[in-house]
Structure formats: structure tokens, C-alpha cells
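Just so you know, the sequences run in chain order A and B. Remember, our numbering sits 1 above the position in the first sequence when you count from 1. Remember, our numbering sits 187 above the position in the second sequence when you count from 1.
What the hints contain is simulated information worked out from the structure, not anything from laboratory work. Check each hint, because a few of them may be wrong.
[Stated by the list, open to error] Straight-line alpha carbon distances no greater than 25 Å define the calculated SDA-like cross-link-like pairs of lysine to any residue that follow:
(1) A:LYS108 <-> B:VAL343
(2) A:LYS109 <-> B:SER316
(3) B:LYS326 <-> A:SER182
[Said to hold, decoys possible] Simulated coverage check for chain A against chain B, where a stretch passes if three residues somewhere in it have a Cβ under 8 Å from a Cβ of chain B:
(4) 59-68
(5) 141-147
(6) 183-189
[As the list claims (entries may be wrong)] A few chain A residues that don't get close to chain B, going by computed Cβ distances all over 12 Å:
(7) ALA50
(8) LYS54
(9) VAL97
(10) ALA107
(11) LYS125
(12) ASP138
(13) GLN196
(14) GLY215
(15) ILE226
(16) ALA229
(17) ARG238
What you are looking at is a predicted structure, and each value in this text was computed from that prediction instead of being measured. Every residue gets a Cβ at the ideal spot worked out from N, C-alpha and C, and that includes glycine.
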Amino acid sequence: MRSHSGLILGLTMLAGVLSAAPARAEEPAVSCEVPDYLLASESALPKVAEAIKTGHSLDILVVGSRSSTINTTNASDASAYPGRLQAILKEKLPSVAVNVSVEIQAKKTAEEVAADMVKVVEGKKPTLVIWQTGTVDAMRSVDPEDFRSAVDEGVVALREAGTDVVLMNPQYSPRTETMISAPPYLDSMRVVAQQHDVPLFDRFAIMRHWNESGDFDLFSTVHGIELAKRVHDCLGRALSQFVINAGHSIPAQQN
Amino acid sequence: MDTPATAPAAPPLPVISAPPSGERELRLDLFRGLALWLIFIDHLPPNILTWLTIRNYGFSDATEIFIFISGYTAAFVYGRAMREAGFVIATARILRRVWQIYVAHVFLFTIFLAEISYVATSFENPLYSEEMGIMDFLKQPDVTIVQALLLRFRPVNMDVLPLYIVLMLFLPLILWLMKWKADVTLALSVLLYAITWEYDLYLSAYPNGFWAFNPFAWQLLFVFGAWCAQGGAKRMSRILSSPVTLWISFAYLFAAFCVTLTWYVPQLSHLMPRRLEQWMYPISKTDLDVLRFAHFLALAAVTVRFLPKDWPGLKSPWLRPLILCGQHSLEIFCLGVFLAFAGHFLLAEVSGGAGMHFVISISGILIMSAAAWLFSWYKYSADKNSSRKRDAGGNADMAGGGS
């Protein structure tokens with residue numbers, strides 16, 4: 002299909018990738034910087050701000066699908082982004098009792114999760130709910146309009162239950178791009194976030210930025226859990242900064 | 188490459204007068220070729236060339252151009268067949284064309300299935316264990332393949348051909364109605380579009396969801412194209428040449444550009460009035476939002492105005508690859524979808540770097556152009572004897588490829 006020079010170039014690159022692989026494995030830390038605009042939000046988190054100011058406990062509940070975990074058998078796995086979020090927030094907010102818990106709703110669409118939202122929140126009374134959604138809906142090609150109203154409904158329910166809300170959109174997944182069409186769901190979430198003045202953590206854009214800047218090769222076929230751990234660590238980092246920024250309690254600082 | 192630079196500025200084109208019989212309207216070929224290139228680039232993961240595609244500068248994208256021109260050329264070719272040879276013959280020819288498009292779709296699906304099966308078996312990144320669940324359909328190949336043959340299972344990027352098939356199936360009816368009263372046909376089409384929006388008509392897909400291009404809505408562009416080909420464009424020429432139309436179009440294109448800018452430069456998004464956002468979003472591609480349709484009309488009006496039919500550039504060798512691609516649109520479209528799969532595959536297997544993205548996009552366009560040239564060579568040199576016969580009965584090639 003491709004020209005000779007392309008093939009040679011491809012092979013050269015392949016050789017480069019192969020020879021670079023062992024070197025990369027030794028490098029522990031990646032600089033996964035995120036542009037400021039992806040960590041800033043016009044919308045505020047008043048309850049979080051208050052918890053930070055008064056030094057009360059900051060209870061965060063992550064409601065999400067499988068992509069909020071790494072280890073499928075153990076949802077409270079500390080290397081997934083919710084666990085990292087807790088560790089980093091504790092470090093950054095030493096005077097606040099931070100507690101992050103996770104509620105995995107695997108294979109459930111936004112509509113199914115939204116219907117249960119009140120029940121999920123009731124027991125835990127969190128300060129902030131981070132609702133990661135969109136992936137299951139995109140995979141099932143739910144009507145984006147139905148998806149939008151489901152997210153809308155969930156956000157209203159959370160607000161009525163008296164918690165702050167952060168929406169988190171799907172992962173950037175270049176390998177499945179030919180299969181899963183994310184854009185309509187990303188747009189829908191942006192619309193709901195705007196309408197309800199809810200901060201939107203743009204996980205998709207952040208991960209795409211990392212892939213483009215070369216921080217992570219998300220096309221990678223490497224089996225194993227290392228890449229996932231590093232990406233989740235970086236997501237936890239970015240998310241903690243995002244929560245703090247939206248809480249407006251600490252002036253925005255560089256990671 | 189020569190032409191990508193012109194891509195963002197270059198849009199579609201209703202034609203002011205139908206070409207005299209036998210003579211090709213090169214602008215149609217040019218813009219259909221362009222649409223094919225842009226669709227190919229849009230199907231690849233985002234890269235530098237993506238910034239040249241028109242979807243980044245306004246609401247509508249290459250799909251609108253493709254469907255409109257397909258409606259125009261199909262109505263032009265088969266409309267003449269209907270007048271000269273009658274309803275039955277024209278319908279028979281249209282159905283043969285539909286069959287060809289269907290076979291092309293099935294062929295692409297086969298390639299897609301091979302690619303996906305490979306990815307599913309070789310890729311186990313725990314980061315994406317959830318997303319890989321999309322491959323579950325491979326566990327039931329019998330159901331999946333039957334659903335694909337029924338056009339209900341269509342992977343991402345394979346939505347245009349099923350839409351095209353459905354629209355072409357209704358072409359005999361559209362042409363028959365147009366022969367009776369073209370304006371009434373267009374009015375009916377607008378009515379169907381309005382009903383679709385009001386009552387939320389859609390076609391369901393497998394395993395769940397709906398058609399990504401809703402034929403009930405997208406038929407409007409196709410019928411509008413057909414209407415233009417049946418003399419509508421000629422009657423609109425006074426409106427098209429009025430300076431008021433031109434300025435409204437410019438104003439709308441500029442406004443759309445500003446709105447799209449806020450999508451890509453999120454720092455600007457606070458400049459958007461909330462009320463406007465609430466009224467405007469989401470701009471549905473599935474149901475061909477009115478804003479998208481209007482954007483296409485504005486682009487078309489501006490293009491027709493500034494690109495006359497006898498523009499000497501149309502004969503320039505630099506635009507030749509585009510025109511050739513437009514003349515073999517079905518083949519080149521399929522090739523483009525295939526190349527996009529191949530491109531994804533190479534990016535995944537070799538390297539995901541920006542340089543590789545660029546190389547893949549450019550090679551894809553070169554391959555499409557070379558293939559188009561080869562098809563032309565077959566048609567005009569290798570098959571010379573048979574082509575003479577074909578000229579007698581409506582040039583199906585104008586409807587997007589050899590018959």
C-alpha cells in the first residue's frame with residue numbers, strides 16, 4: 002500500500018522505538034504537564050472551598066466506570082487516579098482531612114447511574130462528587146441527546162443532595178478511535194457543565210495533550226500495568242490541582 | 188502537496204446553470220474530490236493536516252459537500268436517463284448503482300473486521316480495558332456480520348456509504364416527483380426534515396444506538412442537490428448574484444468561524460454569551476442541524492460567486508488530482524476509508540509521532556490521486572472500445588464512478 006521510502010522510514014522508526022524501549026523503562030518520572038487552561042475552571046466549588054478554609058474534612062466520592070480503576074479486582078486500588086488524588090491532596094492540604102472513596106458503576110450508562118445517584122450519595126454525604134461518565138454511553142452509541150439529559154438529571158440530583166460536582170469525561174483512547182466516537186459525548190458534557198456552572202475536568206483533552214507532546218505513547222501495545230499506573234498518577238496530579246483551583250482556596254500554582 | 192493549502196477556504200458549489208449535455212461540470216468534480224480528501228484526513232487521528240479541513244473553521248464539514256454533490260450529480264445523470272429512457276430504465280440503473288455501493292460497503296466492512304480482530308487479539312493495555320469492551324461484538328460474529336449486511340452494524344467512519352445507499356434507493360421516487368413538480372418535491376423534503384426534528388425520527392443501529400447520519404434529516408441536502416441539478420440552481424442565480432446574499436453569507440461564515448474558534452482556543456470561550464451557547468448547542472451532526480445546513484449554503488453561495496464555471500484554474504494540472512478523485516468518487520471514497528484504517532494501523536504499530544501522522548496523511552492523498560489517475564486511464568485508454576457504447580445512455584460515471 003505504501004511507498005518504499007515510507008516503508009523504510011517506518012522500519013527505521015520501528016527500530017528506533019524498539020531500541021528506545023529499554024531506556025524508557027528506567028526513567029521513572031515523566032513530566033506530565035498540563036496547560037493551565039485545562040486545569041482552570043470558571044465554575045467554583047463552594048463546599049470544597051469552605052472545607053479547605055475551615056479545615057474540616059474533605060470527603061470526595063468518585064463515581065465512575067471501569068476507567069476509574071486500574072486493577073479490576075480491587076476498586077480501592079491506590080495506584081488508580083482516585084487513590085493518587087487522595088495522596089496528593091493530603092500532601093497539598095496538610096491541614097484538611099482528605100478522604101477519597103470510589104463507587105464503580107461498571108457498564109452502566111449515564112442514565113442508569115443518574116437514576117441511582119441519590120442512593121449512592123445518601124450514605125456517604127460527600128463534600129464533592131467527581132462524576133466520571135460518557136465512556137459506556139459512547140461505546141453503546143446512546144443518543145447524545147438522551148445522554149445529555151441523563152447527565153443533566155444526575156447533576157441536578159447531586160446539587161439537590163447538597164454536594165459540589167465535578168464532571169469528568171472519557172479517556173482519550175487512540176486505539177479504539179475507529180470504534181468509539183467520543184466527540185458527541187464530550188460536547189454534551191461540556192454543554193451540561195456550562196448550563197449548571199459545574200467544573201468539567203477534561204480528561205480527554207489532557208490525555209490527548211500528553212500523547213501529542215510525547216509524555217505518553219497512548220498507542221502503545223506494551224502489555225503490563227506500568228503505563229496505566231503512570232497515566233493514573235498524572236491524572237491524579239492534574240485532578241488535585243483542578244479541584245484546588247476550582248476551590249479557589251489556594252492561588253493557582255504550577256505542578 | 189499542492190492543494191491541501193487551499194482546503195480551508197474551499198467549499199462547495201451549487202451551479203448556476205446545468206452543464207450542456209456531455210460536458211462535465213469540473214467544479215463538481217473538484218469539490219467532490221476535495222471533500223473526499225478532507226473526509227480521509229478527518230478519519231485519521233488529528234494531525235497537522237487536520238487543521239486544514241473545513242470543519243475547524245465553521246459548522247459544516249466535508250460530508251455536507253459530498254452528499255450535496257452526490258445528490259446533484261445523481262439527479263443530473265439519472266434525471267436525464269429518466270427523461271430519455273423512462274422511469275423503469277432509470278430506476279433499474281439507479282438500483283444497479285445502489286448495488287455497487289452496497290458491495291463496496293461490505294468489502295470495507297470485511298477489511299475493518301480484519302483490522303479490529305487483529306487489534307482485539309494483540310492489544311491488552313490495562314489503561315484501556317474498559318474501552319476494549321467495544322470488541323465484545325467479536326464474540327458473536329454471526330450476529331454482527333448479518334447486522335452489518337443489514338446496514339445496522341456500522342463502525343465509526345463507515346456511516347457515509349449506508350446513508351448514500353438509502354438516499355440512492357429513494358432517488359427514483361425523488362426524480363419522479365421532481366419531474367412532476369420540482370419545488371413541491373423540495374418542499375416535501377423540508378417537511379420531512381422538520382417532522383424529523385419535531386418527532387425525533389431515526390433509524391436504529393446494532394447493537395444499540397442509532398444511525399450516526401440520520402437519513403431522514405440528511406435527505407434534505409441530497410434532495411436540495413437534486414433540485415439544483417433540475418434547474419433550481421438556474422432559478423436561484425438572481426438570488427445568488429445579489430450582493431445582499433453575499434454579505435449575509437460572509438457575515439454568517441465569519442460568525443461561525445468565531446464560534447468554532449472558541450472550541451479550539453478554550454481561553455476564548457468566556458467571550459461567548461451564555462444565552463447564545465444555550466440556544467445553539469449542541470449542534471447536531473446526526474440530524475444535520477439547521478446551523479450546519481445554513482453554513483453549507485453560505486459556503487456554497489460564496490464559492491459559486493467567486494469561482495466561475497469557466498475559471499481557467501480548473502484546467503490547471505495542479506488541480507488535476509482533485510478533479511480526478513472527484514470523478515471516481517465511489518472508488519476513491521472506499522479507498523480513503525481503507526487508507527484511514529491502514530493509517531490507524533500503522534500509527535498504532537509503528538509510531539504515533541507527529542511526523543508519522545503527516546507522512547501517512549500525505550501518502551494517503553498521493554495514493555488516492557494515483558488510484559484516480561489509474562481509474563481514468565482504464566476508462567479512457569484500456570476500456571476505450573466499451574466506453575463509446577456507454578456514452579449513449581447517460582454517463583453513470585458522473586454519478587460518482589464507473590458503472
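Hints, one by one, checked against the model:
1. The hinted pair formed by LYS108 (chain A) and VAL343 (chain B) meets the criterion: a straight-line CA distance of about 20 Å does not exceed 25 Å.
2. Between LYS109 (chain A) and SER316 (chain B) the CA atoms are separated by roughly 15 Å; this keeps the pair inside 25 Å, and the hint holds.
3. At most 25 Å may separate the alpha-carbon atoms for a hinted pair to count; LYS326 (chain B) and SER182 (chain A) meet this at roughly 21 Å.
4. Note: the region 59-68 of chain A has 3 residues with beta-carbon separation from chain B under 8 Å; the three-residue rule is met and the coverage holds.
5. Counting residues of the region 141-147 of chain A whose CB lies closer than 8 Å to any CB of chain B gives 6, which reaches the minimum of 3, so the coverage claim holds.
6. Under a criterion of three residues with beta carbons nearer than 8 Å to beta carbons of chain B, the stated coverage of the region 183-189 of chain A is upheld, 3 such residues being counted.
7. Under the 12 Å C-beta cut-off, the non-interface status given to ALA50 (chain A) relative to chain B holds; the minimum distance is some 20 Å.
8. Distance check for LYS54 (chain A) against chain B: the nearest CB is about 26 Å away, which clears 12 Å, and the non-interface claim stands.
9. Distance check on VAL97 (chain A): its Cβ is at least 29 Å (rounded) from any Cβ of chain B, clearing the 12 Å threshold; non-interface status holds.
10. Non-interface call for ALA107 (chain A) relative to chain B: violated, since the shortest CB-CB distance, roughly 8 Å, does not exceed 12 Å.
11. The beta carbon of LYS125 (chain A) is kept farther than 12 Å from every beta carbon of chain B, the shortest such distance being approximately 23 Å.
12. For ASP138 (chain A), the non-interface assignment is contradicted: its Cβ lies about 9 Å from the closest Cβ of chain B, within the 12 Å cut-off.
13. Remark: the non-interface label on GLN196 (chain A) conflicts with the geometry, its nearest Cβ contact in chain B lying 6 Å away (cut-off 12 Å).
14. A Cβ of chain B approaches the Cβ of GLY215 (chain A) within 12 Å, the least distance being about 8 Å, so the stated non-interface status is violated.
15. Separation of ILE226 (chain A) from chain B is inadequate, the least Cβ-Cβ distance of about 5 Å not exceeding the 12 Å criterion.
16. A Cβ of chain B approaches the Cβ of ALA229 (chain A) within 12 Å, the least distance being about 4 Å, so the stated non-interface status is violated.
17. Every beta carbon of chain B lies more than 12 Å from that of ARG238 (chain A), the smallest distance being close to 16 Å; the non-interface claim holds.
Going down the numbered hints, you'll see the structure goes against 10, 12, 13, 14, 15 and 16, while the others check out.
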